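Residue numbers (the working numbering), protein chains in the order written: chain A, 2 to 148; chain B, 2 to 148; chain C, 2 to 148; chain D, 2 to 148; chain E, 2 to 148; chain F, 2 to 148; chain G, 2 to 148; chain H, 2 to 148; chain I, 2 to 148; chain J, 2 to 148.
These aren't lab readings, by the way, just hints derived from the structure by calculation. A hint or two may mislead.
[As the list claims (entries may be wrong)] The calculated EDC-like cross-link candidates involving lysine to aspartate or glutamate, where the alpha carbons are at most 16 Å apart (straight line), are:
(1) Lys108(F) x Glu14(I)
(2) Lys125(A) x Asp64(B)
(3) Lys5(C) x Asp71(C)
(4) Lys16(I) x Asp62(I)
(5) Lys74(D) x Glu107(F)
(6) Lys51(J) x Glu14(J)
(7) Lys108(C) x Glu24(D)
(8) Lys19(D) x Glu6(D)
(9) Lys108(G) x Asp132(H)
(10) Lys5(H) x Glu107(H)
(11) Lys74(J) x Glu107(H)
(12) Lys74(H) x Asp111(J)
(13) Lys74(I) x Glu107(F)
(14) Lys5(B) x Asp84(H)
(15) Lys16(J) x Glu107(I)
(16) Lys63(B) x Asp78(B)
(17) Lys5(D) x Asp62(D)
(18) Lys63(D) x Asp78(D)
(19) Lys51(F) x Asp71(F)
(20) Lys108(B) x Asp132(A)
(21) Lys108(G) x Asp122(H)
In this text, all values refer to a predicted model and were calculated from it rather than measured experimentally.
This is what each chain is made of:
Protein chains: 10
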Amino acid sequence: MMNKELMTAKILEAKVDKGMTWEALAESIGMSPVFTTSVCFGMNSFSEDKAFALCETLGLDKDVAQALQDFPKKSWDGGVPQDPLIYRLYEVVGVYGDTMKALIHEKFGDGIMSAIDFTMDIEKEENPKGDRVVVTMNGKFLPYKAW
Amino acid sequence: MMNKELMTAKILEAKVDKGMTWEALAESIGMSPVFTTSVCFGMNSFSEDKAFALCETLGLDKDVAQALQDFPKKSWDGGVPQDPLIYRLYEVVGVYGDTMKALIHEKFGDGIMSAIDFTMDIEKEENPKGDRVVVTMNGKFLPYKAW
Amino acid sequence: MMNKELMTAKILEAKVDKGMTWEALAESIGMSPVFTTSVCFGMNSFSEDKAFALCETLGLDKDVAQALQDFPKKSWDGGVPQDPLIYRLYEVVGVYGDTMKALIHEKFGDGIMSAIDFTMDIEKEENPKGDRVVVTMNGKFLPYKAW
Amino acid sequence: MMNKELMTAKILEAKVDKGMTWEALAESIGMSPVFTTSVCFGMNSFSEDKAFALCETLGLDKDVAQALQDFPKKSWDGGVPQDPLIYRLYEVVGVYGDTMKALIHEKFGDGIMSAIDFTMDIEKEENPKGDRVVVTMNGKFLPYKAW
Amino acid sequence: MMNKELMTAKILEAKVDKGMTWEALAESIGMSPVFTTSVCFGMNSFSEDKAFALCETLGLDKDVAQALQDFPKKSWDGGVPQDPLIYRLYEVVGVYGDTMKALIHEKFGDGIMSAIDFTMDIEKEENPKGDRVVVTMNGKFLPYKAW
Amino acid sequence: MMNKELMTAKILEAKVDKGMTWEALAESIGMSPVFTTSVCFGMNSFSEDKAFALCETLGLDKDVAQALQDFPKKSWDGGVPQDPLIYRLYEVVGVYGDTMKALIHEKFGDGIMSAIDFTMDIEKEENPKGDRVVVTMNGKFLPYKAW
Amino acid sequence: MMNKELMTAKILEAKVDKGMTWEALAESIGMSPVFTTSVCFGMNSFSEDKAFALCETLGLDKDVAQALQDFPKKSWDGGVPQDPLIYRLYEVVGVYGDTMKALIHEKFGDGIMSAIDFTMDIEKEENPKGDRVVVTMNGKFLPYKAW
Amino acid sequence: MMNKELMTAKILEAKVDKGMTWEALAESIGMSPVFTTSVCFGMNSFSEDKAFALCETLGLDKDVAQALQDFPKKSWDGGVPQDPLIYRLYEVVGVYGDTMKALIHEKFGDGIMSAIDFTMDIEKEENPKGDRVVVTMNGKFLPYKAW
Amino acid sequence: MMNKELMTAKILEAKVDKGMTWEALAESIGMSPVFTTSVCFGMNSFSEDKAFALCETLGLDKDVAQALQDFPKKSWDGGVPQDPLIYRLYEVVGVYGDTMKALIHEKFGDGIMSAIDFTMDIEKEENPKGDRVVVTMNGKFLPYKAW
Amino acid sequence: MMNKELMTAKILEAKVDKGMTWEALAESIGMSPVFTTSVCFGMNSFSEDKAFALCETLGLDKDVAQALQDFPKKSWDGGVPQDPLIYRLYEVVGVYGDTMKALIHEKFGDGIMSAIDFTMDIEKEENPKGDRVVVTMNGKFLPYKAW
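Using the sequences and the accompanying hints, generate a full structural model.
Here's what the structure looks like:
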């Protein structure tokens, strides 16, 4: 059985060889770029058909297709990320966490935004003063159950 | 000099007394709900006119207006948040951090999304299967300088 | 505004004065013991009618009723609990976490058990070799969304 | 001597080859699915007959049977788990720990629920609004000894 | 309701005033010194009669007697103790933990020594080369349940 | 030079092959089971004659005998142990640390129990309600020097 | 694909063989010593022409040139550095952090010094009492956006 | 005796009342802005004459002057700073620490930059693309002693 | 009962009022400066006569004398000290710990230097290139007991 | 290029083969035992002549001599050491840190003892009650610079 680390390494190698972007790869199998990339990094899993479609696009064999379908055990580095791009996202959660909580409670009541029934989209907004990254997170509101 | 903790307490008390939402409070001074709430929680600062406008809306005196203009020293609880709503946001950064990094690099080159030249918006998307929280983050792309 | 710590202290005091158990208190307002206790400890919130019902039972005033309705910011002590009763629960998660993950994935596919759309029940099972604690957790299965 | 990591790897491989579920594997040797899976993950040990029965079912040799009988040194990743399924269980302990302590004390007196004289069962509850995971923990109550 | 910290302070003050040792205090109520001291430090609880007996010995009122009966939430300082006397005990667990595990498993099978059904005794062994501290721990062996 | 990890592995393998217990092994060289086991786990060192005696008993060569004499650098896993048997010992130190300190100070004055001039013994106490583990620690009292 | 660790090892080896300093290496490709060194240590990336220029200078092949262009995931050892040279820099941030914050706010308003649009220079200042290290950091001021 | 926290609070209050900047305050006593601010924040100490000069400028009494001369025990918040301005400085140490070490060793040999025989200067560099913060650190090189 | 914090505060205040150094204070009671200072900081305890002698010298009452005799529970800030003077000592332990272990083992065999039967002396060595601090630690060698 | 770990391993092996002590090794090259051992453990570096002298004494080749001259990146295990000999030194810093700070400040003014311009000596003091370890640290006093 191929593990997720080897799966990721094989995909990255084939992706460079084919000269494909993550966007093109995602489009070729009819999935979003964020979800597709997260599966290839071992943080989500594909259904059988998507797994085989991706392997076909990249010319990879069925061991990779199987690994893409395995349900991952998610983990990441330490409690506080270090890479500046990822740290800034962590900082946003720290600085705006209470604010987001207050506004979501105001609009929806007591509950949370699901990180499971969740999608994300990343776009480039062109701007003469410097282009901007636009991240859109969309998660189902889950109200706390009272019983 | 009034510190930020006391400032926040006085604003929360007046807000309840006036029966105002964060959205209405923000609208009354012509600022966004996210930024307004974050200033009231002591995580950002207002210009003088916005600080006085907010105090006028809430019937608070100039000590609060002064505290709203002070530049905050930002801090939050521990490295890993515990409240479920805030933890889910942290989890999103953990699960999707490498994915976001890969896609931002693909679209923009080596650099980061600024958390300083940054705006955020939180909306409610009505949905018969359960309403959804939509968080939009918009940050300037900052390319790494080579020298 | 009364904070959750003071609310809890007032409830505990009144509960001792009235000589009521958590079970009796919960029954008096038509809610479950686990949920009722967690609200009184500041970890969940009541609807307005349940908050006033509980205050009526205990002879507490409307400040407490208001505090019971406030949406809590949940937090607990450190990362690893120390009290032996709570530590044993933490140990169960450590020892059986991967096992629970494997069996839930086998029955349901890739996803999680919700801790939000969630109920818990604690019962005593009489046993001549020593009575047993029976904890039943019931959470909605949330499948990971692919997009 | 075969260590637990290799034992687990061999079992997982044989299990996939045989196309067996954890439930079927447990049933074939007359043990519960939770305990069987936890032994295979190296978190508990089997008696000699169960160890050999499992190896017979899976066509594994006696090195694996020996490793299944070794008493494990239990350990898990870090203090706060990261995988969302396991984290939610940790969160339940954090949010409801004091509540569970209060209710167990109310029903049993000062003591704990054993994590050693302990069984667990995981079931699927079908529900038109979304199936639910039902986890039942059953542990002997151990009263604190006074001396 | 008196909390455990105040209870301990009142007992320590009265103990100094009466000029009593922990041993004498324990003997006066017919309990062991270790258990008695641990209750007075808020780490265990007394039955009603022992609580009142201790308060009688020390001339303390019934608030203290009530607090002595409350079931404690146990906690201690950090993960690694700093006081040299307590650190040495921690070091013994670190240095001899695997050894104790191996010998207990050899004598009893897979299981643990209970810290709940547990007693401890501390004696002075006179020795011309320097007196020695003798600590005896006695805990019920709890075998892991297979199911 | 053979390191301690390899030394331990060779001893464990030979011990299984010879079918010897730690107790029998210790007896064969005229040392206590706790000390012998701790040396074999790399946490203490033997004198030359004991090292060779143990290797003779187990049929191991002089590389192992040399490694048994090397002075170890002691270390263990993390700050808070995870294996339940070892964790319970840690919990005892947490719960009873202040109590042990108070009673040792009462009997001996200001000082500590040595963990270096120290012996430990582990016995099985048969009991119809369940056998009990008896751990006896015996350490020299070291008074703080005033100068 | 060559990873950053191997890239750094190959560069260090070639640099020793050629007997070149970091300064000379930087000068040979028309970049600053700090940036050049940081790229070779895997903390920044080069444009294609600089990557090939460096490989030409050092006689390295195109695998290294490719690795020099890869966008790095930045990370470093733990939260508090241990090497004395690096620790002293950390200590400066600890001791003077609030001071730097106060003076930057006084000169620029609320905002930060960018660590992305950032350059650094290290010079030797000769001094009869002992030469001095002069570190100059130059980062764009980024004002907090209000919205 | 006045402690450093109270000293800082009194200085900040007087500084606001007088409407003085840190720069003006430093100039009034003939010291640098960075050192002066760090003393007022309790991270360094003044000689007697500078302490009295500062108190004269701000109209503060001799308790403050005494506190300014006390040798501080330096400490800061946690291991990883959270305020974005201070975090960026920490990030610079993380990202460029090995680079700075390599270049300082290349210029000076094995040793460190002193954080004690150390000065710092912060300037504003006007720039049409956005003003820049220029931080200059100047520390004595201390070679490792061989003996 | 006076606690150690208040005891230290009273001693520091009286010491300033009397204009005495730690050295003079120690000499006045016939004890060493290091031990005397450590007792006054609450890290060691005095015999009755020394406690009263110190209070006589400083004009303090018997509450302080009693507190000086109490056996302290020693603790310090965090795991890694921050004040530069104390950090340098920690760094010495980190950098030279294995070296000290090797040399002590070479001279004495397997064992440790006691931190309990221990004295310390701090002297100033005048030197034209800069005066030097000379710290002499003297601890009894404790050999590991084999049993 | 040989790294420090391999260098240390080769030296330890040759030292055992030659049957030399650290003291004899140090004497053979005219350096102190503490410094020599620390270089061999990779915590300091030698000048070229000392590096070659040591290799000649031990019969090692020039790869080792080169590695002995490399400037080390110092690091050690975790924040709190575990080996009892090293932990006792850490404990001394914790218990006596504030005392050492007070006495050094009293003798020298505000500043620190250098850990860079620093020497250490370890001696055996024979004593009928048990031999004693005498550690002498000698570091240049560095006064804080005011500017």
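Hinted pair, alpha-carbon criterion (16 Å max): Lys108(B), Asp132(A). Please report holds or violated. 10 Å, holds
Lys108(G) and Asp122(H): Cα distance at most 16 Å? 13 Å, holds
Decide if the proposed pair is consistent with the structure: Lys125(A) and Asp64(B), CA atoms, cutoff 16 Å inclusive. 42 Å, violated
Measure nothing beyond the straight line between the CA atoms of Lys5(C) and Asp71(C); if it is 16 Å or shorter, mark the hint as holding. OK: Lys5(C) and Asp71(C) at ~8 Å, within 16 Å.
Just to be careful, I want the Cα atoms of Lys5(B) and Asp84(H) compared with a cutoff of 16 Å; is the pair within it? 15 Å, holds
Holds or violated: Lys74(H) with Asp111(J), Cα cutoff 16 Å? Judged against 16 Å, a Cα distance of about 10 Å means the pair holds.
Has the given pair, Lys5(D) with Asp62(D), been kept, meaning a C-alpha gap of at most 16 Å? Roughly 15 Å between the alpha carbons, so the hint for Lys5(D) and Asp62(D) holds.
Has the given pair, Lys63(B) with Asp78(B), been kept, meaning a C-alpha gap of at most 16 Å? 29 Å, violated
Pair hint outcome, Lys16(I) versus Asp62(I) [Cα-Cα no greater than 16 Å]: 14 Å, holds
Pairwise hint evaluation, Glu107(F) against Lys74(D), where the allowed Cα distance is 16 Å at most: Status violated; Cα separation ~38 Å.
Lys74(J) and Glu107(H): Cα distance at most 16 Å? 14 Å, holds
Within a Cα-Cα threshold of 16 Å, do Lys5(H) and Glu107(H) meet the stated pairing? 41 Å, violated
In summary, the numbered hints that this structure violates are 1, 2, 5, 6, 8, 10, 16, 18.
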